[in-house]
Structures are given as structure tokens and as C-alpha cells.
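All chains, full assembly: derive it from the sequences and hints.
Number of protein chains: 2
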Amino acid sequence: MQSFDYFNPTHIVFGQDRLAELDKLVPQNAKVLVLYGGGSVKKFGTLDKVLNGLGQREVIEFGGIEPNPQFDTLMRAVELVRKENIDFLLAVGGGSVMDGTKFVSAAAPYEGSEESLLQHGFSPLPIEKAVPLATVATLPATGSEMNMGAVISYQGGKFPVMSPMLFPKFSFLDPTLTFSLPKVQVANGVVDAFVHILEQYVTFPVNASVQDRTAEGLLKTLIETGPVTLAEPENYDARATLVWSATWALNGFIGAGVPQDWSTHMIGHELTALFGIDHAQSLAIIQPSLWALRKDKKRAKLLQYAERVWDITEGDEEERIERAISKTRAFFESLGVKTRLSEYGVKREQVSDVINALEAHGMVAMSETGDLTLETSRQILEHSYA
Amino acid sequence: MQSFDYFNPTHIVFGQDRLAELDKLVPQNAKVLVLYGGGSVKKFGTLDKVLNGLGQREVIEFGGIEPNPQFDTLMRAVELVRKENIDFLLAVGGGSVMDGTKFVSAAAPYEGSEESLLQHGFSPLPIEKAVPLATVATLPATGSEMNMGAVISYQGGKFPVMSPMLFPKFSFLDPTLTFSLPKVQVANGVVDAFVHILEQYVTFPVNASVQDRTAEGLLKTLIETGPVTLAEPENYDARATLVWSATWALNGFIGAGVPQDWSTHMIGHELTALFGIDHAQSLAIIQPSLWALRKDKKRAKLLQYAERVWDITEGDEEERIERAISKTRAFFESLGVKTRLSEYGVKREQVSDVINALEAHGMVAMSETGDLTLETSRQILEHSYA
Chain A
149 MQSFDYFNPT HIVFGQDRLA ELDKLVPQNA KVLVLYGGGS VKKFGTLDKV LNGLGQREVI
209 EFGGIEPNPQ FDTLMRAVEL VRKENIDFLL AVGGGSVMDG TKFVSAAAPY EGSEESLLQH
269 GFSPLPIEKA VPLATVATLP ATGSEMNMGA VISYQGGKFP VMSPMLFPKF SFLDPTLTFS
329 LPKVQVANGV VDAFVHILEQ YVTFPVNASV QDRTAEGLLK TLIETGPVTL AEPENYDARA
389 TLVWSATWAL NGFIGAGVPQ DWSTHMIGHE LTALFGIDHA QSLAIIQPSL WALRKDKKRA
449 KLLQYAERVW DITEGDEEER IERAISKTRA FFESLGVKTR LSEYGVKREQ VSDVINALEA
509 HGMVAMSETG DLTLETSRQI LEHSYA
Chain B
149 MQSFDYFNPT HIVFGQDRLA ELDKLVPQNA KVLVLYGGGS VKKFGTLDKV LNGLGQREVI
209 EFGGIEPNPQ FDTLMRAVEL VRKENIDFLL AVGGGSVMDG TKFVSAAAPY EGSEESLLQH
269 GFSPLPIEKA VPLATVATLP ATGSEMNMGA VISYQGGKFP VMSPMLFPKF SFLDPTLTFS
329 LPKVQVANGV VDAFVHILEQ YVTFPVNASV QDRTAEGLLK TLIETGPVTL AEPENYDARA
389 TLVWSATWAL NGFIGAGVPQ DWSTHMIGHE LTALFGIDHA QSLAIIQPSL WALRKDKKRA
449 KLLQYAERVW DITEGDEEER IERAISKTRA FFESLGVKTR LSEYGVKREQ VSDVINALEA
509 HGMVAMSETG DLTLETSRQI LEHSYA
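So the protein lines, in turn, are chains A and B. Everything in the first sequence is counted per our numbering, starting at 149 for the first residue and increasing by one. Everything in the second sequence is counted per our numbering, starting at 149 for the first residue and increasing by one.
By construction, these hints were calculated from the structure, which means they are not laboratory data. Take the hints with a grain of salt, since some may be wrong.
It does not matter which identical chain is meant; a pair holds if it fits inside one copy or across any two.
[To be verified] In silico DSS-like cross-links for lysine-lysine, where the CA-CA straight-line distance does not exceed 25 Å:
hint, residue 1, residue 2
1, K475, K179
2, K191, K495
3, K179, K317
4, K172, K317
5, K190, K445
6, K277, K172
7, K172, K190
8, K368, K495
9, K317, K277
10, K277, K445
11, K475, K443
12, K445, K368
13, K191, K443
14, K331, K475
Only a predicted model underlies this, so the values are computations on that prediction, with no experimental measurement involved.
Written out as C-alpha cells, the structure is:
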């Protein structure tokens with residue numbers, strides 16, 4: 149096991165119909181900015197329940213945060229926070245709203261250039277304060293409700309933003325708030341959580357049994373519960389299991405003390421930025437092809453994944469790895485998430501655009517071993533047409 | 149899944165030779181009380197490394213906290229904290245030292261009767277402040293390094309003490325600090341962590357797959373790593389895995405949203421208080437016999453445990469449950485921890501003393517279903533002679 153720090157102070161409030169408890173969790177005299185996305189939180193009554201839970205506090209709303217939240221949109225919220233002396237941010241929505249709110253939290257008190265906050269990659273932001281934030285999560289997928297990271301879109305790129313000051317103070321996870329989600333978003337959520345786990349698990353072994361067994365348990369849970377919750381959106385236990393799995397897929401625990409990859413995400417980000425492919429779809433395209441190209445680097449963990457997650461024990465190493473890759477691809481497809489770049493209308497000659505974007509963003513030596521080059525990225529993208 | 153709150157703000161610093169980092173984690177101007185047990189932290193140099201890490205801060209030491217920390221001992225530390233205006237507590241030791249330090253943290257600023265702090269059971273203490281505390285954990289077992297609970301001994305009883313104000317601010321987990329532990333303490337640690345998981349897992353099913361798969365992963369990890377780390381105390385990865393398993397066995401995650409039992413602990417506490425049997429030994433005595441008596445209440449989870457933890461799939465339900473109980477008992481015995489009350493020199497006629505103590509402490513309707521009576525406790529204790 150590698151050495152690590154683990155810290156996660158977010159208070160989770162899990163269960164049905166608990167939004168009245170906002171009243172005791174939000175500071176009594178706070179002036180609150182409630183941030184959300186499109187109209188669904190209004191349409192399905194979530195926003196009303198939130199406003200009710202906030203009681204007599206002064207509340208301002210900021211709607212319209214888009215999927216892949218844009219810097220320019222968020223800067224309008226930053227101006228509002230400054231002008232209105234907001235002292236508490238409450239994100240009501242999915243990963244984009246939560247991520248966007250984290251950026252607002254960091255940027256509003258920041259005295260330097262806000263664009264510069266996008267240039268720190270996976271290192272902590274150089275900030276000394278942040279507006280306290282919390283979330284009411286309505287989409288199980290990104291884990292943003294219980295981590296310190298966000299991804300912000302700016303001028304055709306997607307940029308990670310990290311700081312321990314950006315952990316939500318609390319997050320409400322009410323599975324019933326997700327019952328009204330379109331099927332495609334639920335399927336995307338399952339794939340997103342699944343690949344979050346893979347990025348921290350299918351690397352190279354370091355004798356970290358606690359992390360590995362937990363990762364395998366979460367993967368098996370998603371394989372089991374994904375199809376159920378897609379078919380039965382109002383099955384409470386299945387949806388609750390998806391929600392809680394997605395949170396633990398990316399809250400720091402399974403990644404502590406083990407190598408991490410994240411190159412599927414980095415390549416996927418360019419597909420989203422260039423072609424508007426949904427984040428989870430981009431991961432479903434890249435992950436199986438990345439493994440096909442990198443199976444020697446990941447051999448031991450791919451074999452472990454084959455056996456412990458998919459119960460594949462027959463055949464030689466190559467066969468077992470191939471079967472594990474096929475099973476993964478078939479799982480994504482079974483949820484309705486296509487795994488071939490060609491199926492998203494991207495032409496072969498556009499692969500060069502992706503490579504150029506990766507190069508422009510410095511993604512030239514990625515992965516847990518730091519040796520995934522632009523040439524390998526090109527091969528992965530081309531393989532995804534096969 | 150049941151509704152729940154999950155909150156755990158302890159910062160874990162995991163790895164070898166990191167005690168110099170104390171300097172950046174303890175407040176710069178803090179006056180620190182370092183608490184420890186017997187002489188082993190001096191003998192093996194841990195205390196020196198800690199004092200070194202604390203740099204120029206004013207430090208006072210308080211040694212002599214015994215296994216099953218006594219109220220009277222801890223009150224001497226409370227007086228010291230008050231007299232010396234201590235504003236940071238650093239526990240260096242195992243569960244008893246960490247638990248005792250938590251009590252000192254709560255009691256020192258408390259203006260009411262300190263004895264009354266022992267009367268709140270599993271409910272949060274009615275405290276408004278606590279002296280900030282942190283730990284350098286030297287014994288993997290109790291999970292105290294990352295939870296808000298403690299057990300304090302007082303006048304022949306053992307009393308739980310809980311408060312979210314008692315989470316350590318940070319805990320150093322350096323597996324090498326545990327290399328010098330006597331074998332019996334390592335074996336006890338494995339059993340203690342194992343039973344912590346069982347108390348939160350072998351109850352009744354509530355469709356909580358994330359919690360169940362994680363519990364099963366931790367149990368399988370302990371089964372695998374326990375004998376290795378006992379035989380090879382300086383095998384870093386095995387010991388690191390034990391340390392991290394013990395922490396997650398009782399830090400709130402696997403118990404969130406599921407029923408919990410804890411009657412093995414409650415009966416075991418009386419065995420420790422009356423006969424001086426080590427805490428883990430008391431659990432090893434009670435757990436298999438409790439299952440034998442309560443297998444109908446726990447049928448579904450015992451069958452799940454049999455299959456998913458011990459790979460027992462052959463035979464009818466009774467046979468599978470019996471085999472799972474036998475396997476558990478044999479696992480404890482294989483670590484050198486005896487599982488029969490008779491083997492600890494307790495006579496059959498002394499069972500009544502245990503029952504009287506349980507009654508005096510109000511332990512008359514225990515377990516996840518609230519129906520484990522004194523009569524059942526008596527049967528469990530008598531069964532443990534079989």
C-alpha cells in the first residue's frame with residue numbers, strides 16, 4: 149500500500165423527505181444563493197421543498213447552469229455573490245450544478261484572475277477562503293456531492309479544479325428526488341460511477357486489499373443494480389444503492405493508497421468539449437479501447453478484475469482479459485450507452501482534432517505510469533472505431 | 149436501505165515515518181498534553197518521535213492510562229488539562245489511550261458532574277465544547293482513531309461515550325509503529341475488528357448492497373491478512389492492510405443505513421469488567437454462542453455470510469449456518485484466541501454474576517431487534533461452555 153492522506157468532512161443526509169432539515173444545517177443568519185440548472189428542479193417540486201426548508205432566510209436564486217458548466221455562466225454567479233454579499237451557496241442539481249457551485253465558492257472571494265483558477269490541474273487551488281457550500285444532489289453519477297473536485301468548461305477545454313476548501317459542508321441524498329430523471333441520465337450515471345472506480349482500480353497492484361475489495365464490491369453492485377434501477381426507476385432500494393455507490397466511487401476512499409489512472413477521463417473530456425458527447429458516453433467509448441491498447445501495463449489488475457468482478461476463471465490470460473473487456477463493453481451497451489466513436493457521428497479524420505486538443509492541454513504523458521503518449525491516445529481513438 | 153446521517157471529519161495520515169508532519173497539523177501555539185499508556189511508547193521510541201514532531205511547542209506528558217481506561221485515572225488528566233490550560237490533546241497508543249483521551253477532551257471543559265458523562269449510552273453527550281484531540285495510533289483494533297466513540301471503565305462497568313465533537317482532528321497510522329506489538333495484541337486486534345464488522349453486518353437484510361459488499365470485503369481481508377500479519381509482523385503490506393481494515397471496521401461507513409446489533413459487545417464488556425478477560429477475547433467467546441442461540445433472528449444474514457464470506461454453498465440452511473459459525477470459531481482459535489468461557493477460568497456458577505451486571509447496566513432488551521433478554525444472555529453464556 150502506498151502512503152496517503154484521507155480527509156472527507158462532508159456530512160451526508162441520506163433518505164427520503166428530509167429537506168426540512170436544511171433549516172438546522174444552514175447557518176441561521178446566512179444569506180443564501182441557491183444554484184440550479186435547467187427547469188427540472190422547478191418542474192418536479194424540488195426547488196420549492198428546498199426554499200421551504202430554508203425558512204425565513206434571505207434567498208437569491210441563480211438558475212441556468214448548463215451541463216459541462218461554463219466559466220462565463222459561473223462568473224455571472226460570482227458577480228452576484230459579490231454584489232449581494234452571499235455567505236452560503238446551496239447547489240440543487242447534478243454534477244454540473246455541484247461542480248459549478250464549487251467554482252463559484254472558490255472564485256467569489258478570490259482576488260486574482262478567476263481564469264487562473266483553471267490552471268492548477270489536480271493540485272490544490274492557491275486559495276485561502278471559499279464561500280461555504282452544500283448540495284441537494286438530484287443525479288447519482290459524479291460523486292461531486294462528497295468530494296473536493298469540480299470540472300469546469302472554458303474555451304473548448306475542460307479543467308479540473310480541486311481544493312479541500314471545496315468539500316460540501318453537507319449533502320442531501322434523497323433517492324426519490326432522482327426518480328424523475330430521464331433513462332439516459334440514469335444510464336450515464338451508472339457508467340460514470342463505474343469508470344470512476346475503474347480509474348482507481350485497474351492500474352497495477354500494490355497489495356491494497358481493503359481498497360481493492362471495496363472497489364470490486366462497488367463494481368459488482370453497479371452491475372447488479374444498474375439494470376434494475378433503469379427498469380424500475382421508483383424501486384427505492386435499487387435507486388438508493390445507485391446513489392450511494394456513485395458517492396463512494398469518487399469520494400477518496402477507494403483511491404487512497406493506490407495508483408490512479410484518469411486517462412480515460414482526460415481523453416473523454418476532449419470528446420465532450422469537441423463533439424458534445426455526454427461525459428459518461430465519452431468514458432464508455434474510451435475505456436474498453438484504452439484497455440485493449442494498454443493491457444500489458446494493466447495485466448495483473450485486468451486479470452484480477454476479470455476474476456473478482458466478472459467471475460472469469462477459464463482460459464489463458466489473453467482470453468480472460470479479452471472477455472473482461474468484452475463484458476465491460478457489453479455492460480455499457482446493455483444500459484443503452486454506445487461504446488464506438490463512430491456511433492456518435494465523429495469521423496475518423498476528426499481524431500486528429502482530439503489529439504491536437506490533448507496536446508494543447510498538456511495531456512502528453514498520462515496514466516498511472518505516466519507513459520500514455522499522444523500516439524497511444526491516437527491508437528485508442530482509432531481502436532474505438534473497430 | 150434505512151435513512152442515515154454519515155459524517156466523519158478525521159484526517160488520516162497513513163504511512164511510514166511521517167511523524168514530522170505533526171508540526172504542520174498541531175496548531176502552532178498549542179500547549180499540548182501527550183497521553184499514553186504503559187512504557188512501550190517510550191521503549192520503542194515512538195514517544196521521542198512524537199515529541200520531536202511537536203517541535204518548540206510546550207508539551208506536558210500524562211502516562212499510565214491502563215487497558216480499559218479507568219474514570220479515576222482519566223480524571224487526573226482532566227485536572228491537569230484544567231490546571232495547565234492545555235488546548236490540544238495528543239493520544240499516543242492503542243484503543244484505551246485514544247478512548248481515554250476522548251473522555252478527557254469532553255470532561256475537561258464540562259461544568260457538570262463528570263460521572264454523568266458516562267450515563268448517555270449511545271446517545272450524543274450533552275456537551276458544547278471539547279478540547280481538540282488527535283491520535284498517533286499504535287494498535288490496529290478498535291477504530292477509535294477514526295470514530296467519535298469511547299468506552300470508559302467505572303466502578304466495575306464499561307460505559308460508552310459518544311459525541312461528534314470527539315472525532316480526532318487527525319490520526320497518524322504508521323504500520324511500522326505496530327511491528328513491536330506482542331502477538332496476543334495483534335490477534336486480539338484482528339478479532340476485535342472482525343466482530344465490529346459482524347455487529348453491523350449479521351443482523352437482518354435491508355437491501356444495502358454497498359454496505360454489505362464492503363463489510364464482506366473487510367471480513368475476507370481480515371481472514372486472509374490476519375494469519376499473515378501474525379506470522380510476519382514486519383510484513384509492511386499485511387500490517388498496513390490490518391491497520392486500514394480495523395479503521396474501516398468501525399468508522400461509521402459500513403454501519404450507516406443498516407441495523408446494528410452490539411449485544412456481543414455488551415455481554416463481552418461484563419466479562420472484561422468482572423473477570424479481566426481481554427476485550428477481543430470476550431467477543432470471541434460470545435459471538436459464536438450468540439449466533440447459535442439467535443440463528444432464527446439472523447437467518448438470512450447468516451446464510452449470506454456463509455456464502456459470501458466463507459464460500460459455503462452446499463448443504464441445507466441449518467448445515468450452512470452451523471458451518472459458518474464453526475468456521476468463525478475456528479478462525480478465532482487459529483489466531484490463538486480461545487472461544488470458550490471455561491478456558492478463561494470462569495466457573496459456571498459465575499454466569500449469574502454476568503447476568504446481574506447486565507441487569508444493573510440496563511442491558512435487558514438488546515440487539516438489532518431489541519428482544520435479546522437476560523434469559524437469552526444466560527443461555528448464550530451457558531452455551532459458551534459447550
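Against the structure, the hints come out as follows:
1. Taking identical chains as interchangeable, the C-alpha atoms of K475 and K179 are never at most 25 Å apart, the minima being 50 Å within one chain and 58 Å between chains.
2. For the identical chains of this complex, K191 and K495 are neighbours neither inside a copy (38 Å) nor across copies (69 Å), given an alpha-carbon limit of 25 Å.
3. In this assembly of identical chains, the alpha carbons of K179 and K317 lie at most 25 Å apart only when taken from the same copy (16 Å versus 29 Å across copies).
4. Within a single copy, K172 and K317 get their C-alpha atoms as close as 13 Å, and across copies as close as 23 Å, so both meet the 25 Å cut-off.
5. Taking CA atoms no more than 25 Å apart as the test, K190 paired with K445 passes in neither setting, with 48 Å inside one copy and 45 Å between copies.
6. In this assembly of identical chains, the alpha carbons of K277 and K172 lie at most 25 Å apart whether taken from the same copy (23 Å) or from different copies (19 Å).
7. In this homomeric assembly, K172 and K190 come within 25 Å of each other (Cα to Cα) only inside a single copy, at 23 Å, whereas the closest approach across copies is 46 Å.
8. Neither within a single protomer nor between protomers do K368 and K495 lie at most 25 Å apart by alpha-carbon distance, with minima of 34 Å and 48 Å respectively.
9. Taking the closest pair of Cα atoms, K317 and K277 come within 25 Å of each other both inside a single copy (14 Å) and across two copies (20 Å).
10. When the C-alpha separation of K277 and K445 is checked against a cutoff of 25 Å, the pair qualifies neither within a copy, at 41 Å, nor between copies, at 52 Å.
11. When the C-alpha separation of K475 and K443 is checked against a cutoff of 25 Å, the pair qualifies only within one copy, where the shortest distance is 15 Å, while the shortest distance between copies is 38 Å.
12. Proximity of K445 and K368 under a CA criterion of 25 Å is satisfied intra-copy only: 23 Å inside one chain copy versus 27 Å between copies.
13. Taking the shortest Cα distances, K191 and K443 never come within 25 Å of each other, neither inside one copy (46 Å) nor across copies (49 Å).
14. In this assembly of identical chains, K331 and K475 lie within 25 Å of each other by CA distance solely inside one copy; the values are 21 Å within and 44 Å between copies.
Checked against the numbered hints above, the structure violates hints 1, 2, 5, 8, 10 and 13; every other hint is satisfied.
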